[in-house]
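Colleague: Residue-level listing of the chains:
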Amino acid sequence: MERLHIPTVTIVTSEFSSAAETMSLAEGKTIPRLVSVPHPMGMIPLIDIEKKAEDAFHAIIKGATEWQPSSEPTSMKAAYPAERIEFTGSVEDVNKLFFERGWSLGLPIIPPATECIEEMLKGTSRKPDEVIGQTPPQMGVLTIELVAVHAAMAGCKPDYMPVLIAALEGLLAPEANWRGALTTTGTTQSVVVVNGPIVKEIGLAFGQGAAGKGYHPNATIGYAINLIAYTVGGSKPPSPDKSTLGSPADLVCWVFGENEDNLPSGWEPLHVDRGFRKSDSVVTVMSSYPPVNMVDHWSTTPQEHIRWWSYVASPLHNGGGPCFPLPMEQNPLVAVGPEHAQLIASAGWNKDNLRQALWEQARIPLSAWPSGCTEMRNFVEKFGPVSPESMIPLTLKPEQLLIVIAGGAGKHSHYFAPFGGCFPISKIVTK
Amino acid sequence: MKNQIKWELVNPTGMVQIKQLTLNPPPETLEGKTVLLRWNGKHNGDGFLNKIAEFLIEHIEAVNVIKSWEVAPETATLSMNSNTSKEFARKLAAFKPDIVIASQAD
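The listed protein sequences correspond, in order, to chains A and B. Our numbering puts the first residue of the first sequence at 1, with every later residue one more than the last. Our numbering puts the first residue of the second sequence at 1, with every later residue one more than the last.
No wet-lab data here; the hints were simulated from the structure. In this text, a Cβ means the ideal position worked out from N, Cα and C, and glycines have one as well. Do not rely on the hints blindly, as some may be mistaken.
What the hints assert, rightly or not - So these bits of chain B aren't anywhere near chain A, every CB distance computed over 10 Å: (1) Glu61; (2) Ala62; (3) Asn64; (4) Ile66; (5) Lys67; (6) Val71.
Claimed, not checked - Pair by pair, the computed Cβ-Cβ distance ranges are: (7) B:Asn64 with A:Gly106: 50 to 56 Å; (8) B:Lys86 with A:Asp48: 29 to 35 Å; (9) A:Gly266 with B:Phe95: 51 to 57 Å; (10) A:Pro174 with B:Glu61: 55 to 61 Å; (11) B:Asn3 with A:Trp298: 54 to 60 Å; (12) A:Pro238 with B:Asn64: 38 to 44 Å; (13) A:Gly155 with B:Lys6: 18 to 24 Å; (14) B:Pro27 with A:Pro388: 30 to 36 Å; (15) B:Asn3 with A:Gly214: 27 to 33 Å; (16) B:Lys6 with A:Gly410: 45 to 51 Å; (17) A:Glu329 with B:Asn64: 31 to 37 Å; (18) B:Asn3 with A:Gly106: 44 to 50 Å; (19) B:Lys86 with A:Thr301: 48 to 54 Å; (20) A:Gln68 with B:Glu61: 58 to 64 Å.
Isolated chain A, as found in the complex (with noise of 0.2 Å):
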């Protein structure tokens, strides 16, 4: 509102306070008329409201008409080269240096040594100047050197330069709305699945455990990818990092490749699925909730396996629904682990099937959300009218589901439910 030459005034709970400072200094370098007021306003009764109403109005009403801005000087220092920095210590020592610098996330790092930056940047043609976004929430210029810089810290070979550039180039794209996933104060991560030739030349894993440890790819990808969102982006917790828990998924994201070899004949790959050509090797990247873990040994059938389905994947992973309508134009992730999509193969059916079979099932009743939902004009306007009794599923239209082979061996699949305006950016990895 401000770029449009009206002076705003922002009511914030005080839990959010600096989270709002910071992120209106990333918007113009500027803080904002705030008016605080005692977390928390949601989920507490109007008589309450009303009250704090009461308390906030002439600080408001003084917000409004006296408040005066302040600013910090804008520093427009070149984003290329990055600062060389000269230390003498021991590997624990620079440890040490970066994590109190905010630099690492607690976990060890490689120092990233000149030397191995300019080893790192063989790994890509792409030039170290090359912009290649502004990372959210406090918008630090990312260049390739940066991401160099941060794949040397995470152990990352030179040779997955390619796929990291392209993973960071998806999250960077509006739509995939990093910037909320990274400052919310849901339980977010990023989830990278990799398609195509470049999964097996360089050894990204695929099959068993393929999202977990043991594997180098996956691992230092995930770490690269979030020590870029904490010390460039600056995605930090308390604030403005909001994340009531966090999760692990903070450390190191979720990086694997779709298992291609155990795809069900007459199956596409999720690239095919998305436009490319199969030949493509693909980064698909979004941010999602932590994924419902679907057991099912014991199915013989893809309908009673769709069924039991039916009670894991719900729209309410996300909000989805009256609460809050965007999810429901957004794209879950169903990894379907290798002997689940044998199953549901055996029986004739490809993706379009299982994807009309889970939509159609996956519902749940209107009353399961609480009566406090704020979005039922909006959420009626997108899927239309409805009762109580109405069956809501998890997208407004099946071929909304995005699913990929994922894992090996075991009765395993998941249900990844997309954070709020978080949609899925596939990007080409190029060398």
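Could you slot chain B onto chain A? The hints should help.
Modeller: What follows is chain B alone, placed relative to chain A:
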């Protein structure tokens, strides 16, 4: 003494390059002004702003209060990205408020 190495390290933080935004001067008074109350759909934000609306009408002469969720209900939700945020801002700016009071709740 542990291994003392002379390092030339690269600062990982990067530069923050943001064009300075100059905030608009506030009106000296709200009398006779149009105040738009913007709610982002978060629980109780409307209740808070409804009370502010009552106080404005009671205490400020000739104030015109517009409630965003009544005139543009599609904006009563989280914008979630900068493009939608700009779209919402444009929609609300069309009501020509002299000032906006926005509630973030949570």
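Colleague: Indicate, hint by hint, whether the structure satisfies it.
Modeller: Status of each hint after checking the structure:
{"no.": "1", "hint": "Glu61", "in the structure": "13 Å, holds"}
{"no.": "2", "hint": "Ala62", "in the structure": "15 Å, holds"}
{"no.": "3", "hint": "Asn64", "in the structure": "14 Å, holds"}
{"no.": "4", "hint": "Ile66", "in the structure": "12 Å, holds"}
{"no.": "5", "hint": "Lys67", "in the structure": "13 Å, holds"}
{"no.": "6", "hint": "Val71", "in the structure": "13 Å, holds"}
{"no.": "7", "hint": "B:Asn64 with A:Gly106: 50 to 56 Å", "in the structure": "53 Å, holds"}
{"no.": "8", "hint": "B:Lys86 with A:Asp48: 29 to 35 Å", "in the structure": "34 Å, holds"}
{"no.": "9", "hint": "A:Gly266 with B:Phe95: 51 to 57 Å", "in the structure": "54 Å, holds"}
{"no.": "10", "hint": "A:Pro174 with B:Glu61: 55 to 61 Å", "in the structure": "43 Å, violated"}
{"no.": "11", "hint": "B:Asn3 with A:Trp298: 54 to 60 Å", "in the structure": "57 Å, holds"}
{"no.": "12", "hint": "A:Pro238 with B:Asn64: 38 to 44 Å", "in the structure": "40 Å, holds"}
{"no.": "13", "hint": "A:Gly155 with B:Lys6: 18 to 24 Å", "in the structure": "22 Å, holds"}
{"no.": "14", "hint": "B:Pro27 with A:Pro388: 30 to 36 Å", "in the structure": "46 Å, violated"}
{"no.": "15", "hint": "B:Asn3 with A:Gly214: 27 to 33 Å", "in the structure": "29 Å, holds"}
{"no.": "16", "hint": "B:Lys6 with A:Gly410: 45 to 51 Å", "in the structure": "50 Å, holds"}
{"no.": "17", "hint": "A:Glu329 with B:Asn64: 31 to 37 Å", "in the structure": "35 Å, holds"}
{"no.": "18", "hint": "B:Asn3 with A:Gly106: 44 to 50 Å", "in the structure": "22 Å, violated"}
{"no.": "19", "hint": "B:Lys86 with A:Thr301: 48 to 54 Å", "in the structure": "49 Å, holds"}
{"no.": "20", "hint": "A:Gln68 with B:Glu61: 58 to 64 Å", "in the structure": "24 Å, violated"}
The structure shown violates the earlier hints numbered 10, 14, 18 and 20.
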